[in-house]
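Undergrad: Required output: the full structure, derived from the provided sequences and hints.
Counting along the sequence shown from 1, when you hit position 160 you're at 159 in numbering that gives the first Met the number 0, and nothing is skipped either side.
Be a bit skeptical, because a hint or two may be false.
With a straight-line cut-off of 27 Å between C-alpha atoms, the simulated DSS-like cross-links for lysine-lysine are [to be verified]:
hint : residue 1 : residue 2
1    : K553      : K538
2    : K128      : K80
3    : K207      : K234
To be clear, the hints were calculated from the coordinates, so they are not data collected in a lab.
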Amino acid sequence: MAAAVKPAPATKEWEVHKFGGASLADAGLYRTVGDLLIQEAMGKQSDGAVPTMAIVSAMGGMTDLLVKVVDSALVDIDQAKVDLDAAVERQLGTLNELAPPEIVAPIERRIRDDAADVISLVRSLTLIKSVPAVTMKVVTGFGEIWSAQTLHAYLQTQGVPCDWVDAREILVVKSDSAGLGEKGSTSTTGVVPLWGETSKRMAAWWTKWGQPFEKLDYNEKSPILVCTGFVATSKDGVPTTLKRSGSDYSATIFAKLLGASRVTMWKNTNGVYTADPRRVPEAFPIESLKYDEAMELAYFGAQVLHPSAMLPCIDDNIPVYVRNIFNPSFEGTVIEGRSDTLAASWGKVEDDEDAALIKGITSIDDASLLTLEGASLAGGASEVGEKVLAAMSNAKVSVLMITQASSESSVTIAVPANQGQLAIRAVEGAFELELARSTVGSVSLLEDMSIVAIVGEGMAKRPGASSTFMSALAGAGVNIAMIAQGSSERQIAVAVPKDAATRALRAAHAAFTLGEKATSVAVLGASGALGAQLLKQLKAQQETLETELKTEYKVIAVANSAKMTLATADQTAGLLGELGAGADVNPQRVIIDATASEDIAARYEGWIEAGISVVSPSKLVASGPAGRRAACLKAAKLNRGATWQYESSVGAALPVLTTLQDLLATGDKVTEIRGCLSGTMAYTLRNHQEDKAFSASLAEAYAAGFTEPDVREDLSGVDMARKVVILARELGLDVDVEDVDVESIIPAEMVDKTYVADPAGKAAAVFADLKAMGVDAAMDERLAAAKAEGNVLRYTFIVDAVAKTCAIKLLPTGPKESLFRLKENENLVSFTTARYATAPLIMKGSAAGAELAASGIFADLLRLSRTFG
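TA: This is the structure:
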């Protein structure tokens, strides 16, 4: 390979800068690029000027316009002329904005001459009805030729030493494939520079054109050469290209030719990100990558550089920087050096504890999985794999991943989705005889898949990457169809359903602490007292949660019965509707149901199945139809990415259910649970015993926010009956609310009576009826009878696990009973068990009011966060 060409006596090594079409979309951007080049060529502080080469793509959108010219010429040469005129005038319009007529005139003549050559070239296409590859390459290459001259024109106006280079005069390549390649691809596979001839031409160009630059004082000024990207010449002298997006390759080739100290790829982002920030908002720029890490990321879809484009820099260890043209002060990402694992034995690489386990996460969004199963060929498993890969090679199908199960000689390969049918035809053809003889069971294609990969040298040095990755996907409810790990141990890739790819990316990103763990929260019933209090508590604790627990709750949707407000509509697509598999949102998603809506309760199972956890202070599901409750529990058990938390439905913030579940899980046998689970009745009866009217005491409880919205649910025992059913079902009892023997404080006519809809008006009418229908008097009478025996009244529930009965009664309670000392708004639950037979386990504390209920919901949310973590 020829040595680098050192064309001028500069005091510093050359630097190469590459600008894509998006950075050259209009006159303003050409100015931005030109000014940036001048600034970079001036050097930093007192380091001296830097000889600079700029590799430029065609003006943004120009390549598409020139492709359109060729396509039009196939059917209508006049239309091709119209399309070409539009392309030319766009380029000239930009040129005229940047430079005066004396600079523009010779460039305009060359561009119009080029246009005439294009028409001459494509005129015959209407006759031959096809487009030779060389024709497309020649025509599209003019975009770069015009773009380089346009930028050079602007630099001339700034009085800097500059020139432009037509890469077709220097860069000679050998290409094994025809065509431009797919738009957006970074693949330059099959194009190889002929270094010897290219180096000679570079030296010859400098001898011919570079003399004025040799007289520069390189401490004061340096040349800026503008060079065309994308285009080249074949060894036969025929114009060709490096394929679409090949300007990156042009930059690294010329960097090697010039012995450059660095290459900078200017983008519109702050470097290479840990993940696609459009899909993972928490993604951030990576400070540094090894060449090998960057190549792994590129193979799996990251818009970095194609591995072949990095080869010239790898050979000479030239650092590649990825920087933001709109934020040039930011250092961006540097790609340099080889991975330690290439030079070290397995297990002997020194571990850097501060190094990240992985560097980035990326995906190939459109893939299909082809599986050949049940092969029993004479040659065994090795022959199966060999034939499958040979079939793919012959059909020109790219193999993204491969796994093989030798037990059944089955092979699965991942291929690009647009090659799926081609791949299956190729395999069926290769195994035609075996399929006919049934020595191969079947060939199938699973479509609508994506490949998600984690990349980083750190995973080769420390264990745990695979388990963290898989656990994160399981926790996000993402099913894995295929797993493959590179032999380099720098990447692990999985195939997942396409509609789960974003969720997988975000879950993995959070699991590897590349970003904060974020949970998207929707609060239903947000305008009520409970929902409003919860939002207040979440806001108050936000900083503490992020600092100490490294988690963040993003309330992205709040709703009441009338409307819903979305924080960011794209994040909440499908979150509250009839969820389908296409809802692509944060993998950690929670709906908090602070309503008493049957319509909402009916949706729990669907949400959980879709991977959304539910926090439910509402009792309608846990105490509702047994089949619905069982379905929700089953969905939560089957879907590890979502769960159902309903601790706050019993006892608000008191951990009643958790305590009961712990007793049962540790093998204790619960024989009886009793107590009071109505803060409303605890408050009302406590004040009533102080000789205050029952209705007046209840009114105070209502004013304090302790009651249900309809106070009759407290007075009839319905609210506490639901809680009792939840407890009984945890014990395995088959009971419904109707099975609870409930003593109602109010007569049936009050329960069934229709009151005004307004809550305050309804409550006032109920209080009035308590007097009018004799409830106050009856309660006074019962209280007097209890006091005569030294007792008080307590609204008591009893779950008898032995007799399998549940009851709620207004009972006289003596001083030796724990409920005797029940204070205002408290709940009390007493567990009698095999272990707690002599003295029951008692749980007691305040449990009424929106603030306490909200803290119970918050606790459920925190429990979920631990599950996510």
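Undergrad: Next, verify each hint and record whether it holds.
TA: Do the hints match the structure? See the list:
1. K553 x K538: Roughly 10 Å between the alpha carbons, so the hint for K553 and K538 holds.
2. K128 x K80: holds, 17 Å
3. K207 x K234: OK: K207 and K234 at ~21 Å, within 27 Å.
In summary, this structure violates none of the numbered hints.
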